[in-house]
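Kindly generate the complete structure, drawing on both the sequences and the hints.
Top to bottom, those sequences are chains H and X.
Residue numbering for the first sequence follows the numbering used here, starting at 6 and increasing by one per position.
Residue numbering for the second sequence follows the numbering used here, starting at 5 and increasing by one per position.
Be a bit skeptical, because a hint or two may be false.
Some, not all, of what chain X presents toward chain H, calculated at C-beta under 10 Å [what the hints assert, rightly or not]: (1) SER85; (2) ARG114; (3) THR117; (4) PHE123; (5) LEU126; (6) ALA164; (7) GLU213; (8) GLU214; (9) LYS217; (10) ALA219; (11) THR220; (12) GLY221; (13) ARG290; (14) ALA341; (15) ARG393; (16) ASN399.
Reference excerpt, derived from the structure (chain H facing chain X, CB under 8 Å, subset only) [as the list claims (entries may be wrong)]: (17) ILE41; (18) THR117; (19) LYS232.
Treat the hints as calculated values from the structure; they're not laboratory data.
Think of the CB as a built atom: it goes at the ideal place given N, C-alpha and C, for glycine as much as any other residue.
Chain by chain, the residues:
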Amino acid sequence: MNTLFAILFYLATLVFVVGLLQRIRLYANTPSPLLIPTTPAPVTQAGVVLRMTREVVFFESLFKANLWTWAMGWMFHASLALVLMRHLRYFTDPVWGWVALIQPFGMYAGITMLLGLCGLWVRRLYVERIRYISTLSDHLMLVLFICIAGSGLLMKFAVHTDVIGVKNFFLGLMHLNMQSLPASFPLYVHLLLVSALLVILPISKLLHAPGVFFSPTRNQTDNPREKRHIAAWAAKFESEK
Amino acid sequence: MADIAAPAYRIFPIIPALKPGAMENVRSFVANEKIQTAIGFPGQLVEDWHDKAIAKMGELLGKYRSLRVFMDACVHCGACSDKCHYFIGTQDPKNMPVARQDLMRSVYRRYFTLPGKMFPALVGARDLTKEVLDEWYTYFWQCSECRRCSVFCPYGIDTAEITMAAREILDTVGYGQKYSNEIIGKVHRIGNNLGLPGPALADTLEGLEEDVKDATGVDVRFPLDVKGAEVLLITPSADFFAEPHIDSLIGYAKVFHATGTSWTLSSMSSEAGNFGMFIGNYDQLRAIAMRIRTAALELGVKRIVIGECGHAWRVAYSFLNTLTGVGDGADANDRFAQMLQKQLDHRYKQPSHICEFTWDMIQDERLSFDKEKNDKHIITFHDSCNVARGSRMGNYAGGQFEIPRNIIRAVANNFVEMNPATTREKTFCCGGGGGLLTDDLLELRVKGALPRMEVLQNVVDEHSVNFMATICAICKAQFTKIMPIYGYDRRMVGGVHQLVSNAILLGDK
Numbered sequence: 006m007n008t009l010f011a012i013l014f015y016l017a018t019l020v021f022v023v024g025l026l027q028r029i030r031l032y033a034n035t036p037s038p039l040l041i042p043t044t045p046a047p048v049t050q051a052g053v054v055l056r057m058t059r060e061v062v063f064f065e066s067l068f069k070a071n072l073w074t075w076a077m078g079w080m081f082h083a084s085l086a087l088v089l090m091r092h093l094r095y096f097t098d099p100v101w102g103w104v105a106l107i108q109p110f111g112m113y114a115g116i117t118m119l120l121g122l123c124g125l126w127v128r129r130l131y132v133e134r135i136r137y138i139s140t141l142s143d144h145l146m147l148v149l150f151i152c153i154a155g156s157g158l159l160m161k162f163a164v165h166t167d168v169i170g171v172k173n174f175f176l177g178l179m180h181l182n183m184q185s186l187p188a189s190f191p192l193y194v195h196l197l198l199v200s201a202l203l204v205i206l207p208i209s210k211l212l213h214a215p216g217v218f219f220s221p222t223r224n225q226t227d228n229p230r231e232k233r234h235i236a237a238w239a240a241k242f243e244s245e246k
Numbered sequence: 005m006a007d008i009a010a011p012a013y014r015i016f017p018i019i020p021a022l023k024p025g026a027m028e029n030v031r032s033f034v035a036n037e038k039i040q041t042a043i044g045f046p047g048q049l050v051e052d053w054h055d056k057a058i059a060k061m062g063e064l065l066g067k068y069r070s071l072r073v074f075m076d077a078c079v080h081c082g083a084c085s086d087k088c089h090y091f092i093g094t095q096d097p098k099n100m101p102v103a104r105q106d107l108m109r110s111v112y113r114r115y116f117t118l119p120g121k122m123f124p125a126l127v128g129a130r131d132l133t134k135e136v137l138d139e140w141y142t143y144f145w146q147c148s149e150c151r152r153c154s155v156f157c158p159y160g161i162d163t164a165e166i167t168m169a170a171r172e173i174l175d176t177v178g179y180g181q182k183y184s185n186e187i188i189g190k191v192h193r194i195g196n197n198l199g200l201p202g203p204a205l206a207d208t209l210e211g212l213e214e215d216v217k218d219a220t221g222v223d224v225r226f227p228l229d230v231k232g233a234e235v236l237l238i239t240p241s242a243d244f245f246a247e248p249h250i251d252s253l254i255g256y257a258k259v260f261h262a263t264g265t266s267w268t269l270s271s272m273s274s275e276a277g278n279f280g281m282f283i284g285n286y287d288q289l290r291a292i293a294m295r296i297r298t299a300a301l302e303l304g305v306k307r308i309v310i311g312e313c314g315h316a317w318r319v320a321y322s323f324l325n326t327l328t329g330v331g332d333g334a335d336a337n338d339r340f341a342q343m344l345q346k347q348l349d350h351r352y353k354q355p356s357h358i359c360e361f362t363w364d365m366i367q368d369e370r371l372s373f374d375k376e377k378n379d380k381h382i383i384t385f386h387d388s389c390n391v392a393r394g395s396r397m398g399n400y401a402g403g404q405f406e407i408p409r410n411i412i413r414a415v416a417n418n419f420v421e422m423n424p425a426t427t428r429e430k431t432f433c434c435g436g437g438g439g440l441l442t443d444d445l446l447e448l449r450v451k452g453a454l455p456r457m458e459v460l461q462n463v464v465d466e467h468s469v470n471f472m473a474t475i476c477a478i479c480k481a482q483f484t485k486i487m488p489i490y491g492y493d494r495r496m497v498g499g500v501h502q503l504v505s506n507a508i509l510l511g512d513k
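Below, the structure is given as structure tokens:
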């Protein structure tokens, strides 16, 4: 089992990192020939950073669109962020001060994460419009996250797992020094699903995470009259003249 | 036309229930061989359309980051699902922005992503069949590219970009739209969308000079092809004879007259509109825009000013510098752009909107008005989608909202706002933008106007509003056509410069 999970995590991490970097490189290398920020848009670079920050941290546009979706979506994402930060304790020794500090919050975040996910799924199942646009993978993606959160919470609140053992296993992985993984069914489920998530991310709608930073309607400065903007493939038309 | 009835107003602006297939039979006329070949597209659906379409999609994915990112990033959250005026008016689920995008995204997934190649059913991927291609044509010609959905999308996904790409692919395989492609042909052949040749334009302008002289006793000029004029005015050709557009053209001329500005129109470049944007074709977009550059160089003007036209202003403001060099800030070694930029007067923004020009003059106290001349009007303002969400005026974000309103307040006493959920960047499209202003789509246009008509009715009931000002030729044409179907007087719609024209004092009587 130890070797199996070790191989699984090495592979999943590899797919995740390489896949994501490739995708990001693809986005970065694809030109944007025309300036298309959704206006009113910031007229300075600093303004763009602020707009993007509001978008990524507070989901500003979603807030304008639909309060319920925003509330549940933001609750899920903010909780996920906290939970991920909390999990840093399994990969750092000694545990960083701020990671230790947020441990109790991260614990509750697991619960709010699950609530947010369930809310989003209920919306997907019962709001006619959203059901109409949902594919099977949209539902399964929520199920995946719900199972990850559920198995995690199960280990925290019901079937306690030897977290020291888990930590030793992952620190071992990081230092190419194989340690044994505690035998625990919820833990196996949890880790299996997380590695599945890592593999799926670079080929799925989860690409919205890097994608948002490359969205021309959000990341462009509104200055077309002040500065000439031209893509290489479009500039060729001019040299032919 | 008589059999198209206006949909009932919603008592509460609730999100409508879905009516699948409601609009599947509303299809814009397909371009014939002559129209297609005139602008370099295949005359009819090519034999290997499937492979050509997929190849074109691949090409566009490599050329446009917007398309590349937007195809991947959607999570089907539904934020946009109730934001499109066509969905609200037609209840057809495929008019929800996300569903419209998915018409293409499903094909993208099938041919360009691993999960779509391996498990198409799981991720909603599908082959590009003739049925799918027909569906593309139907529903990508039911989008006005107004970008309202992009305001609300957490990733800024702009359906307009996807619609443009789809239309570009359709044109490439010989499946073009009659209305837009015919108009593009006219611009190349004659110089404007309406096909008004130079001599006819000269006649029209002479007639206008006489009309204004009769009405005011003042010799207001409408100069054409005057070399060395300071300002080149590029305006939608509808301004030359459509009602109420022409009243705004008179307004611009009076502003130039009262401020003593030397200006000219161009017979070669007598069109601000650019349907190249609507069909998402960069070559067409650029070729049409280049006429403005050529006219500016030939006439040696110092300023380029654009008349009241929504998508024209988006093209002018956002793209003209890129396409033609009309603007500022080109690299020193960018000879193409520098050639023109050296000629232009950079104390002013290039290009400028006519509203920027007029508002600057009002602030400089070079114009005066008798506001009571507009007292018969209780005015509201309809923000045009392309101006609101695809451009700017002035030197601060949101100037495109303030400047037209400032002008209205400066020339009239009675101004009220419509529901703020439907103005500024949240404005609804008039229902006729993006290449849909054609009678073969009248049913769509009537239904798509529903959300605007509802909130207009509110201010009519509460404030007795009797004039809706707007700064777009398509908005004006669309509203004069569909408002009678909703029971309004068609003369309720007019331009901002129509109000300017009513109240301006010309002085030298």
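Report holds or violated for the interface hint on X:LEU126, using the least CB-CB distance to chain H and a cut-off of 10 Å.
-> holds (5 Å)
Under 8 Å, Cβ to Cβ, is where H:THR117 needs to be relative to chain X, so tell me if that hint holds or is violated.
-> violated (18 Å)
If you take the shortest Cβ to Cβ gap from X:ASN399 to chain H, is it below 10 Å?
-> holds (8 Å)
Would you check whether X:PHE123 satisfies its interface hint, that is, whether its CB is within less than 10 Å of any CB in chain H?
-> Because about 8 Å separates X:PHE123 from the closest Cβ in chain H, which is inside the 10 Å limit, the hint holds.
Would the hint on X:GLU214 stand, with a C-beta cut-off of 10 Å toward chain H?
-> Status violated, d = 37 Å.
Close enough to count: is the Cβ of X:THR117 nearer than 10 Å to one in chain H?
-> holds (6 Å)
Once the shortest beta carbon distance from X:ALA341 to chain H is found, is it less than 10 Å?
-> holds (5 Å)
With a cut-off of 10 Å on the beta carbons, see whether X:GLY221 makes it to chain H.
-> violated (38 Å)
Hinted contact X:ALA219 with chain H - closest CB pair below 10 Å = Violated. Min distance 36 Å.
Interface restraint verdict for X:LYS217 against chain H (beta-carbon cut-off 10 Å) | violated (36 Å)
Return the status of the interface hint for H:LYS232: holds when the least beta-carbon distance to chain X is below 8 Å, violated otherwise.
-> holds (4 Å)
When the nearest CB of chain H is found for X:GLU213, is that gap smaller than 10 Å?
-> Where the cut-off is 10 Å and the nearest Cβ of chain H is about 32 Å from X:GLU213, the hint is violated.
Hints 2, 7, 8, 9, 10, 11, 12 and 18 from the list above are not met by this structure, while the remaining hints are.
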